[in-house]
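S.K.: Protein chains in written order, with the numbering used here: chain A, 1 to 322; chain B, 1 to 322; chain C, 1 to 358; chain D, 1 to 358.
A few of these clues could be false.
What the hints assert, rightly or not - Below, a list of computed lysine to aspartate or glutamate pairs in the EDC-like style, where the Cα atoms sit at most 20 Å apart:
(1) B:Lys256 - A:Asp283
(2) A:Lys256 - B:Asp286
(3) C:Lys179 - D:Glu204
(4) C:Lys70 - C:Asp237
(5) C:Lys70 - C:Glu20
(6) B:Lys256 - A:Asp21
(7) D:Lys179 - B:Asp286
(8) C:Lys146 - A:Asp283
(9) A:Lys33 - D:Glu336
(10) A:Lys256 - B:Glu280
(11) D:Lys146 - B:Asp51
(12) C:Lys146 - A:Asp50
(13) B:Lys33 - C:Glu270
(14) C:Lys70 - C:Glu270
(15) C:Lys266 - B:Asp50
(16) B:Lys33 - C:Glu271
(17) D:Lys179 - C:Asp205
FYI, nobody ran anything at the bench for these hints, they're computed from the structure.
Note that the structure is predicted; figures quoted are calculated from it, not measured.
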Amino acid sequence: MPAKTFIEAIREGMADEMRHDGSIIVLGEDVGKKGGVFLATDGLWAEFGDDRVIDTPLTESQIIGTSIGAAINGLRPVAEIQFADFIHPAFNQLVSEAARLRYRSNNGYSCPMVVRAPYGGGVHGALYHSQSVEAFFTHVPGLKVVIPSTPYDAKGLLRSSIRDDDPVLFFEHKKMYRSVRGEVPDGEYAVPLGRAAVTRAGTQLTVIGYGLMAHYALEAAERVADDGISAEVIDLRTLRPLDKESVLDSVRKTGKCLVVYEDNRFGGYGAEVAAIVAEEAFDYLDGPVTRMAGPDVPGVLQPRPRGLVHDQPGEDRRRDPD
Amino acid sequence: MPAKTFIEAIREGMADEMRHDGSIIVLGEDVGKKGGVFLATDGLWAEFGDDRVIDTPLTESQIIGTSIGAAINGLRPVAEIQFADFIHPAFNQLVSEAARLRYRSNNGYSCPMVVRAPYGGGVHGALYHSQSVEAFFTHVPGLKVVIPSTPYDAKGLLRSSIRDDDPVLFFEHKKMYRSVRGEVPDGEYAVPLGRAAVTRAGTQLTVIGYGLMAHYALEAAERVADDGISAEVIDLRTLRPLDKESVLDSVRKTGKCLVVYEDNRFGGYGAEVAAIVAEEAFDYLDGPVTRMAGPDVPGVLQPRPRGLVHDQPGEDRRRDPD
Amino acid sequence: MAVSDRSASHLGEAVGLSDEQLIEMYRLVALTRALDERMWVLNRAGRIPFVISGQGHEGAQVAITWPLRKQHDWVAPFYRSIATCLTFGMSPRDILTAQYATANDPSSGGRQMPGHYGSREHNLVSVSSPVATQLLHAIGIALAAKVRGTDQVAMTFMGEGSSNQGDVHEGLNFAAIHKLPFVFVVENNGYAISVPSAKELAVEDVASRAGGYGMPGLVVDGSDVLECYRVATEAVDRARSGGGPTLIEAKVTRLTAHSSDDQQTKYRSEEELASEKARDPLPRFRAQLVDAGILTDHVEQRLGADIKAVVDDATQYAESQPDPDPSTAMRWVYAEEWPSEAPPPWGFGTAGGHAEEH
Amino acid sequence: MAVSDRSASHLGEAVGLSDEQLIEMYRLVALTRALDERMWVLNRAGRIPFVISGQGHEGAQVAITWPLRKQHDWVAPFYRSIATCLTFGMSPRDILTAQYATANDPSSGGRQMPGHYGSREHNLVSVSSPVATQLLHAIGIALAAKVRGTDQVAMTFMGEGSSNQGDVHEGLNFAAIHKLPFVFVVENNGYAISVPSAKELAVEDVASRAGGYGMPGLVVDGSDVLECYRVATEAVDRARSGGGPTLIEAKVTRLTAHSSDDQQTKYRSEEELASEKARDPLPRFRAQLVDAGILTDHVEQRLGADIKAVVDDATQYAESQPDPDPSTAMRWVYAEEWPSEAPPPWGFGTAGGHAEEH
Ligand SMILES: Cc1ncc(C[n+]2csc(CCOP(=O)(O)OP(=O)(O)O)c2C)c(N)n1
Ligand SMILES: Cc1ncc(C[n+]2csc(CCOP(=O)(O)OP(=O)(O)O)c2C)c(N)n1
Ligand SMILES: [Mg+2]
Ligand SMILES: [Mg+2]
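With the hints as extra help, turn the sequences into a complete structure.
M.R.: So, in structure tokens, the structure goes:
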């Protein structure tokens, strides 16, 4: 299998599906000629043209609202929000409209659409280019939320998301776009929504993560293995619906659970996972369900050698000019 | 002390503070002549005039964004969002702007403002007039979130919120406006933000709630008392910052914890409370931290004699014409 | 002139409508009014919990919806769009089952509050409560029509207060850029609940904003049914033929309080309320048709009886339909089967029910 | 004509500016350009991580900001507003410490990305990243000015792409209704990153939208500094005297890529890029002042030396300032003391630190 970067897998996922299904359109800011600010849609406009790859005005609510309408009338829009941080102007359209259309019409209408957005820190984005926004949406009945961590999963989950008949938010960790590589088969394959992956087997502790944190969890597990600690690592992949069974099965086996997320700790997605484990695996726990998460400040603080350092751009560069 | 309804206490709270501090303005849809759709601002326009009680156009993002600016330039706006369900168009202004202004300017700017909004079900509001939206905001560093449950607390917490130098979201359960009465002193008093109230002492179980659920928790505690179960009830009152100490003190004493919230269960505010208790009181727990919450559907389902019944308007009336 | 005579009156000829069509338009206006009045009676009698009314708006709604092709074009209505829904294919039974929130209410199966209409069968997009969101849906529908080449037109309706929402700005801009087959109808009744026009906007006409997006903006007297029809026909033709979107602002009057929860005398004077009656489209349209000899006594009697029967039928029907089964309240948060195709070979039938976590 | 001569040239007289003022305006334009160019050099040299530039916008920014009263009026700037910030009181050191994100950067103390300016001292509202939000803040400031009777004017700036955001619609509407002392400046450079005007809006001028809100909308050539000044003076005067808001659209050119992360040759042709150079305000303003005899060789040399010294100083200063102390990163999520008054007797000093839960 050819090794691809995370972003290549995503780009291919879109292109493959667009070839297969003429009802798929891509829309968003700068997704056309420029191919997106991260180049996730690079080449799509050249291949599929103006009608199917649409550079929208700088208006996120319009991007989502228009996608809803287009989905109602037979298209499968894949919308890009340039940074997850800028999804907030579209919050009403996502939460009040996309999420509820099927329910409120008693299954009369549906809204098959995907919203892709780069999220996450570690790229010196500070307050407005580093947010994790998943918790705002995993709370919303009617939305599905996907966060892949490998190129293989990214392409496979994107395919499932595009073919899903409900709105799916697909968050891509921007630090992973070019730094993470992995094998991606050429043929059609899909990774089902709603299934976590046990990415490392272990017996003494379950570490649950997603996105970039799924990688960090694996790294940490390898490191503590030297100390004789056997950690099982679960990459959730789909946050809503949560694969509760995989999580609970693992914790019932290991008896300990650590939930890792990059977002602000208080009220983040990991709180739900921790609460579920604490309630439903209580009899198996031999220690508290613990969480490791971002501190409760706007923007991202990153662990650095000298301690927590604010993730902002000036700094690093000055220490390390390349 | 005179007994007042919940909404009277809120109205009085605003009027008292406006008399005391000329920099306070009230703005929102229909808050003027009409006095608000629930009459929470009734009489304010007559007393304080056009400049201080402003009927805005039907534009929530403007209401919040304008309030931020007014706060920057010396006013203390108290904005009303007609229903909490309609706060979503203002999500970006609240989360990206109000919450971050102080932090991003390194304490150069602040944003003292209150956003009042009626929330909650039980009034046949169905999908769009019954939501609990607190979890979207309790997750956001920089925002404070208050949900009072008694007229006394409502007035006292509103005063503290108005005088607070940070943005405070103040959610009022609309079913309580006229159905809940209680004593409210005439003089100046305040209830501090960030302090929970133990509203019933008990030894065997801690029940944690807020808003209408704080009442239901009390009722339930009385009921199980007949069965010899001694439940302690905590009314959180302020959701962010959470009074963690009161919660943990109680659970460490009782060894059991039930968190009750009306919002959709998955990812709701109670998940954070449960996660904290499960982690920080683990050694004291002799049973799982459990949650009782709304089901994961849009809108509100209400417990009814025959089971969970969808909270929609037609039904009830037809069974019980008054 | 006999109605059965298919030849058009002068009145009809001038606007390109047959007398039958004029009478059908009139019937829809009068039927909507009767249905709406019935809703208030049912509300006062405690049978239905809430009314939000279209009285005063019906003439504009019928006339502007009329040029659309049923079950081909699309409408994203709002809570006052009863006449629009009836004109576009919904029945009085459909409307009243929504008020009663019965199990078979086609709008939402009893899930929504009254006034939130919608019908997949009739290409009427399901109404939600947050105002103005539907504009973007209609524009997305129009985009899909253009991309797919379906020759469809999408139309949406809202009040002048709602037109100040940010979504409207973003949507009109997008529709104009792509010259979408879209018509935006503002029913300007001078109030957003209690807030009068002067506090909602600093200009007389919402339509004066259209030029700033690059689309025509037309103001029409909403009590002049035939003028509304003329303007709408032009807009729909322009949309369908690739000429792009149009904004139509119909000046209407709100003959009732905002809703059954509102007391409008708190903010509208008795004189104002009395004088607004003169802008009622129903008597004006009636007089026009009577003067033109189209609406004879005979026809009027027939229509009156027919309308009464239909409204009575709808009431009795809705009264007798069962409530939604509480056990269904958890359904359709997500797709429960794979509607568009058989699950593909690799088996990602995600729709095969992601059992919601409880 | 000697510069020290306080008499105005014909050029200055025509617009009501002294020669000293004209030269100071020119100095600000040239200084901003030099500072901006330095930022790119520092970026290429790996000293600062990101540049978002105002090159091509400086003339309009200086001239339009000029009529405001420093430390009295208010500005809500955007990321390209370097010239505006300098004109309104920030120093080159302030700008470069923001690029370097030093501890003493007055914009954010090194918390924000470069380009997010702000200064409480100078009534410059802190810039955030989501575009267009600042418009509502400026309008709120103007509302407070009106309610408090402070005689202040609030001005905000943004690109034409950003002007399509819903917040702009909601804000302009509100400002017009209340006739607020507010000026909205659109710096139209024809692109929103890679998206050209024609895909951003269907009209030539954003200013054509002003009428629909009930405010004047003026288009001005942004490379014509004195015309920008004239138009802005009129708008600020109108705002201050109770005449309500104005929209000014300055047609400018973006002489650089969108930012240091952008490759504009992917979407702009070499010819276009070459021809856009003709719209650079700097040489045009220079020629005007030279022709009028205001900018003599002598003055120009002095300015050049001065500007170089100031830019060098700012660079060295910013280079040498310490990083923010990591331990401060958790501060100022909330107020940490009671800033506005002593805690009241009943002691609700909520600000007495709600220790954040960790
Ligand atoms: C986003 C949002 N905010 C507030 C409301 C509450 N609300 C419902 S109708 C209405 C007034 C609408 O006025 P207008 O658009 O003029 O329509 P009209 O009712 O006059 O026909 C308001 C404020 C809402 N439904 N949605
Ligand atoms: C809400 C939001 N969406 C997207 C972005 C990313 N973004 C930053 S600048 C920009 C283009 C702005 O174009 P314009 O308003 O014309 O200003 P210009 O940069 O051309 O001066 C975009 C899309 C953002 N900052 N905020
Ligand atoms: Mg209206
Ligand atoms: Mg631009």
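S.K.: For every hint, state whether the structure bears it out.
M.R.: Verification of the hints:
1. B:Lys256 - A:Asp283: It holds: about 14 Å lies between the C-alpha atoms, which stays within 20 Å.
2. A:Lys256 - B:Asp286: At roughly 17 Å apart (the allowed maximum being 20 Å), aspartate 286 of chain B and lysine 256 of chain A satisfy the hint.
3. C:Lys179 - D:Glu204: 15 Å, holds
4. C:Lys70 - C:Asp237: 15 Å, holds
5. C:Lys70 - C:Glu20: 18 Å, holds
6. B:Lys256 - A:Asp21: Violated. Lysine 256 of chain B to aspartate 21 of chain A sits at ~54 Å, over the 20 Å cutoff.
7. D:Lys179 - B:Asp286: 64 Å, violated
8. C:Lys146 - A:Asp283: 59 Å, violated
9. A:Lys33 - D:Glu336: 48 Å, violated
10. A:Lys256 - B:Glu280: 14 Å, holds
11. D:Lys146 - B:Asp51: 9 Å, holds
12. C:Lys146 - A:Asp50: 12 Å, holds
13. B:Lys33 - C:Glu270: Between lysine 33 of chain B and glutamate 270 of chain C the Cα gap is close to 16 Å, so the pair holds against 20 Å.
14. C:Lys70 - C:Glu270: 41 Å, violated
15. C:Lys266 - B:Asp50: 17 Å, holds
16. B:Lys33 - C:Glu271: OK: lysine 33 of chain B and glutamate 271 of chain C at ~18 Å, within 20 Å.
17. D:Lys179 - C:Asp205: Status holds; Cα separation ~18 Å.
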